[in-house]
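*Asks:* Produce the complete structure using the sequences and hints provided.
Protein chains in written order, with my numbering: chain A, 298 to 594; chain B, 298 to 594; chain C, 298 to 594; chain D, 298 to 594; chain E, 298 to 594.
Note that these hints are calculated values from the structure, not bench results.
Each hint should be verified, as a subset may be incorrect.
Quick partial rundown of chain D residues pointing at chain E, CB under 10 Å, derived from the structure [what the hints assert, rightly or not]: (1) L309; (2) D384; (3) E388; (4) A423.
Which bits of chain B does chain A cover? Going by a derived footprint, with three or more residues having C-beta under 8 Å, they are [claimed, not checked]: (5) 307–314; (6) 319–330; (7) 386–397; (8) 428–440; (9) 506–515.
Take a look, some chain B residues computed to stay more than 10 Å from chain D by CB distance [claimed, not checked]: (10) Q302; (11) R361; (12) R486; (13) E594.
Where a beta carbon is used, it is the ideal one built from N, C-alpha and C, also for glycine.
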Amino acid sequence: MCTSQHLSGLGLGTGKKARLYRILYQHGLRNGTALFLPYDQGLEHGPRDFFANPDAGDPRYILRLARQGTFNGIAIQIGLAEKFYWDFAGEVPLILKLNGKTDIPSDADALSPLHATVADAVRLGADAVGYTLYVGTPAQETDFTQYRRVRDDAQRFGMPLIVWAYPRGSAIEAKGGKDSFYAVDYAARVASELGADVVKVNFPHPEKRTAVKQQYDADFSSQQAIDAVVRSANRTLLLVSGGERAGDDAMLEKARQSMEAGATGLIFGRNVWQREYAESLRFAARLQEILTKYPRE
Amino acid sequence: MCTSQHLSGLGLGTGKKARLYRILYQHGLRNGTALFLPYDQGLEHGPRDFFANPDAGDPRYILRLARQGTFNGIAIQIGLAEKFYWDFAGEVPLILKLNGKTDIPSDADALSPLHATVADAVRLGADAVGYTLYVGTPAQETDFTQYRRVRDDAQRFGMPLIVWAYPRGSAIEAKGGKDSFYAVDYAARVASELGADVVKVNFPHPEKRTAVKQQYDADFSSQQAIDAVVRSANRTLLLVSGGERAGDDAMLEKARQSMEAGATGLIFGRNVWQREYAESLRFAARLQEILTKYPRE
Amino acid sequence: MCTSQHLSGLGLGTGKKARLYRILYQHGLRNGTALFLPYDQGLEHGPRDFFANPDAGDPRYILRLARQGTFNGIAIQIGLAEKFYWDFAGEVPLILKLNGKTDIPSDADALSPLHATVADAVRLGADAVGYTLYVGTPAQETDFTQYRRVRDDAQRFGMPLIVWAYPRGSAIEAKGGKDSFYAVDYAARVASELGADVVKVNFPHPEKRTAVKQQYDADFSSQQAIDAVVRSANRTLLLVSGGERAGDDAMLEKARQSMEAGATGLIFGRNVWQREYAESLRFAARLQEILTKYPRE
Amino acid sequence: MCTSQHLSGLGLGTGKKARLYRILYQHGLRNGTALFLPYDQGLEHGPRDFFANPDAGDPRYILRLARQGTFNGIAIQIGLAEKFYWDFAGEVPLILKLNGKTDIPSDADALSPLHATVADAVRLGADAVGYTLYVGTPAQETDFTQYRRVRDDAQRFGMPLIVWAYPRGSAIEAKGGKDSFYAVDYAARVASELGADVVKVNFPHPEKRTAVKQQYDADFSSQQAIDAVVRSANRTLLLVSGGERAGDDAMLEKARQSMEAGATGLIFGRNVWQREYAESLRFAARLQEILTKYPRE
Amino acid sequence: MCTSQHLSGLGLGTGKKARLYRILYQHGLRNGTALFLPYDQGLEHGPRDFFANPDAGDPRYILRLARQGTFNGIAIQIGLAEKFYWDFAGEVPLILKLNGKTDIPSDADALSPLHATVADAVRLGADAVGYTLYVGTPAQETDFTQYRRVRDDAQRFGMPLIVWAYPRGSAIEAKGGKDSFYAVDYAARVASELGADVVKVNFPHPEKRTAVKQQYDADFSSQQAIDAVVRSANRTLLLVSGGERAGDDAMLEKARQSMEAGATGLIFGRNVWQREYAESLRFAARLQEILTKYPRE
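*Replies:* See below:
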């Protein structure tokens, strides 16, 4: 009857467990997997991401999509949460994204500044907070410092912390790039070492081997790579992000391999809403078909 | 599709709306009504309340009952929440009771001291907090002072505030007693005036007229009385409490009249768990049968 | 009768709604549109801006103009607010500009430091605060950090927050410049994502296409551009700023297109007061004639 | 191999679990039971308690006794901890008693004021803190208020909280007295409801029935009474205190019944040290013989 | 009888003494020496360190190893401590590592940012905290500043402070490198001067003499070097770290010389767990054989 067996083994305090239970077992497929809708691209990339489907520029449209598509949560910035979440409060879990940046300046010293606090998330009834950590950035000192406060608040308030663990910055570019197996694997581990409850990573590319550390300079299949990444995250639940829109079959295969590896779920934005509404729902349903096969109980 | 129409008209901020939505539309009958299980009698009256059904002394037994009986929430003190809620985190909504007292000293100057904070409730993943306000007590200055801080924190954290509005103290005893129509009606209004999101009252007894204010010294049916009490509470949702165990038929009629009057739900403890487990579930089911007839959408 | 229908759909808390109601429905044309008088050029550009009409260097003169021209508000820095607003307190709404800078150093790493707080605005009876956010500046980390505190205070005090969303800095210069459609559209969205209640933008120039993101490298009319910008701002009310003095007819056409697109109003300074008093009033009246045609009810 | 099975089922956070593990499995019999040496009588009763064995007035003597007798911990006030514990730091666990009072004024409104904080306990390397709660005292408001801060700090620092749950005050005296089954049972439950990790109670006297609540006015054996008290404490570990010196056989029988009922251990002071050193050790050994038979694993 | 003679001569406050006593005399060989298991490589180097023995990527495996191998403590970051230590709480002492970094950006200005606080360590029941100080880094101002707060908190909470004293940064590289006798000796002294209770150093290499200060540009045996380093640390207990995996015999000789010099113990990670489980235990046992010969009493 109780479906939280899985959550009980993760070393979570009461509030984090309660909130993750809600997200994973009282929304979406209610089977311990998750399909999240990220919607912070308006800040990260600007409105250009909405040109493919102008309706998607309207936060209300996206929230309706999240509800109708029975997503497990929607990740948005404070401004949209303040002005749009009230209409849907409680119907779809809110993941308040706490930091973010524009892509206008260079990414060499990438850093994502805070715009909101865990206390804001509590006030708005959010069930989790999101933080972008740029693993390997030369600005890691500032990044880790502002992250520490977020982690501490999240612990104090019992709020699940989802880390967008993104390899980024000039040093990463010089060592295989941001989606090499080496970089993604390291990023997943960093999130786990630093106390993320959930980590969001890009799907690893084992074929990107130029200048990566020697251990990664070998033949790995993508299944082997994502298996290793899930292991590196250990008790930190893992989400695979969709990234830029790509072919549907490729995305579905990525999704399948991720779930096979033990991921908790998917966080797909542009691949979902950069198409017409009914099409978005259909694609979400296909992703959920995959999640159905991997209950986490 | 969206069932929160009702909540949208109550003047709630985002977090309170999200949390009440969870309680009222994602638990129990999911129709905007509520059946809560209060379990603070171990503190308020001592273990003697468990003699009728010794199993009920075990908080785990009660939490299991709340889950299996699909209650909309369970109201417990901080000690039990810290040690027992983890096992059920998220499965049944937690209402953290913030104050309480023993019944050993006299009730003449009744005051219920704080044992926990709204921040504790946030940390434990609670969906509401409970505060006992002794309306009319000679100690009302201290009571209101500590209440003010709770209300302020609840507002700041977006946490629904349920006020146990209990007429109490020597002055009340001299004016008709704690469950006269006069006293209950006044208590419901006080909760509403002071910012409760939900108020818990005893069922009013219009026949208790000795020394009540003149306006209440007339013939009112109990339906008229509870109608008036619900009106006095206005946008503050109203729960009727069961009180001491009494005959089932009387309780069910009380419940029916309350829902007819526009109450949001019931909060019945001893009447539920002072009997054997299967009997408790059966009685809860009969209460829910009534709630089914009064969806709040 | 109640004209705040429009405000009710914006996701505002009580205090912000009350103050915006005052600005939009109890001042100016009282029809939900706004004509603001910005007067922070003495800090931003220095007294050179007053050479065209030396009287305009006197804050008292400008406040009188704002009152007589029935502007919806005047935006000034703390120093002028402290010394001049008392005489007009309540007669014309005060928008306290919280940050600002000189134009003496280079704009490559543009950042506008704070000079005042939301608490100052409360103390002075202001109905809104203004913050200049340099979207895309390499100093975005510091900018976002000080902005976060302002947003948080504005939320806590129920004070409407108007963001001067200005693309600025070396990266913007390299990508089409500060008033390209791409830059203005992105800026409007950033303000909305980060919680501005009102955003002030420059009128977009779709013909500035050098090095802008691909989606903007196409033929757009200026009407199409401003339509898109208003949509990007979604529930954040949008003001179009006048910028440097230009031909009246061009300005009026800009104003008309903006209102047609759904903007809430205009914030014109130099175009208003860089001429003789009676002329200023006449020009303001012509702008208001346009606003009359676009009531927001 | 892992002996903490028992502790794992109590709903404890990491720090509290670590510290209780040390006390229960790395000291004394290392079998999950506990024998504590309380030594706060110098404050509570004055030096008169040392007349039977003047050596016992020397804290160093008592600490040596605690170490040589392999007690699981010693409970002392801040003054003795500051000046004497350094010599034995880590060798015998320290329970810092945070409040206390003299027995000079009347006990009618009994209240035990704070002398030290949980932060002091952390600084001194203590493994637990002790707090005397006078259950039923007319001063319960003040008592609960200062207790709340202690509980909150203990939670925040991961410090086990041992509550001396003592029925006391005029109302208790009027309802059967402080060691009636009714009073002790209620006290154990109050400690559990309010978040004690461990509760120290007097052995209940079911034969004291004058004016107790009706449910307790029946024939109970002392075994039945202590069984009920342990159940009332549920996940709060229970210690039985020795109280005034009494006959050894009576004490040992009390100890045996307590352990049989499921208590975690004993906290015996005067019965231990109000006799000559070697005799004290011998009596402690007899108590430990009993504890050996009730491993909690 | 009392084995803390050694600790009594170190000028420690009560809490630090109690906690070091636990580590040194109630765990491991219980003779005042220490064998620690460091496990922060997942953050410092990434998962590549686990390729030699993939099981070692699982924190639970490592904690089990620490317990079964009777290590005196395990050093981990906050994330692993939060999620994995509860299962082993109190069974093996926790050293919470407070700072750390990835090895992706350059080490020229090495700085290890804080991720956790001494208060976190208290809350988790840790017996010590670890801080990496990059002796000689150009970023030493920031390093010393954040270190100062840690030292201050450690003093206030009575928490032993273990400093990873690592010569690092461009200036060190230009003066003999990070494990020259010169650099290690200086690092040990810096830790002692700045208030470390325990210092962790690399084994000094007196043969690395290029560009070192003149006094170190002479023939020293490695025994002379480590003797000097222990003397430089004076009352700060000294641990020698294993570093990268090397030949077992070389490591054992290093260990022997260190203990001969007066070190308190060893902190060996990769040399222990980069091999199969039973092998790891066997190697740990060989290290403990050495420690047995150097009791510190």
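*Asks:* Under a C-beta cut-off of less than 8 Å, do 3 or more residues of the stretch 307–314 of chain B approach chain A closely enough to confirm the stated coverage?
*Replies:* Coverage by chain A holds for the stretch 307–314 of chain B (5 residues, Cβ < 8 Å).
*Asks:* Against chain D, does R361(B) hold up as non-interface, every C-beta pair farther apart than 10 Å?
*Replies:* 14 Å, holds
*Asks:* Can we trust that E594(B) is non-interface, i.e. its beta-carbon lies farther than 10 Å from all of chain D?
*Replies:* 37 Å, holds
*Asks:* Can the stretch 319–330 of chain B be counted as covered by chain A under the rule of three residues or more with Cβ-Cβ separation shorter than 8 Å?
*Replies:* With 3 residues close enough to chain A, the hint holds.
*Asks:* Over 10 Å from every CB of chain D: does R486(B) meet that, or does the non-interface label fail?
*Replies:* The assertion about R486(B) holds, with a minimum of 26 Å to chain D.
*Asks:* With chain E as the partner, please determine if L309(D) meets the hint condition of a C-beta pair closer than 10 Å.
*Replies:* Since chain E brings a Cβ to about 8 Å from L309(D), closer than 10 Å, the hint holds.
*Asks:* Mind checking the CB of D384(D) against every CB in chain E and telling me if the closest is under 10 Å?
*Replies:* 8 Å, holds
*Asks:* Run the C-beta distances from Q302(B) to all of chain D and say if the shortest one exceeds 10 Å.
*Replies:* Given a closest Cβ separation of 38 Å, the condition holds.
*Asks:* In terms of beta carbon proximity below 8 Å, does the stretch 386–397 of chain B have 3 or more residues touching chain A?
*Replies:* Result for this restraint: holds, n = 4.
*Asks:* Tell me if chain A covers the stretch 428–440 of chain B under the three-residue, 8 Å CB rule, please?
*Replies:* violated (count 0)
*Asks:* Would you check whether E388(D) satisfies its interface hint, that is, whether its CB is within less than 10 Å of any CB in chain E?
*Replies:* 7 Å, holds
*Asks:* Are at least 3 residues of the stretch 506–515 of chain B within less than 8 Å of chain A when you compare beta carbons?
*Replies:* violated (count 0)
In the structure shown, a violation is registered for the earlier hints numbered 8 and 9, in ascending order.
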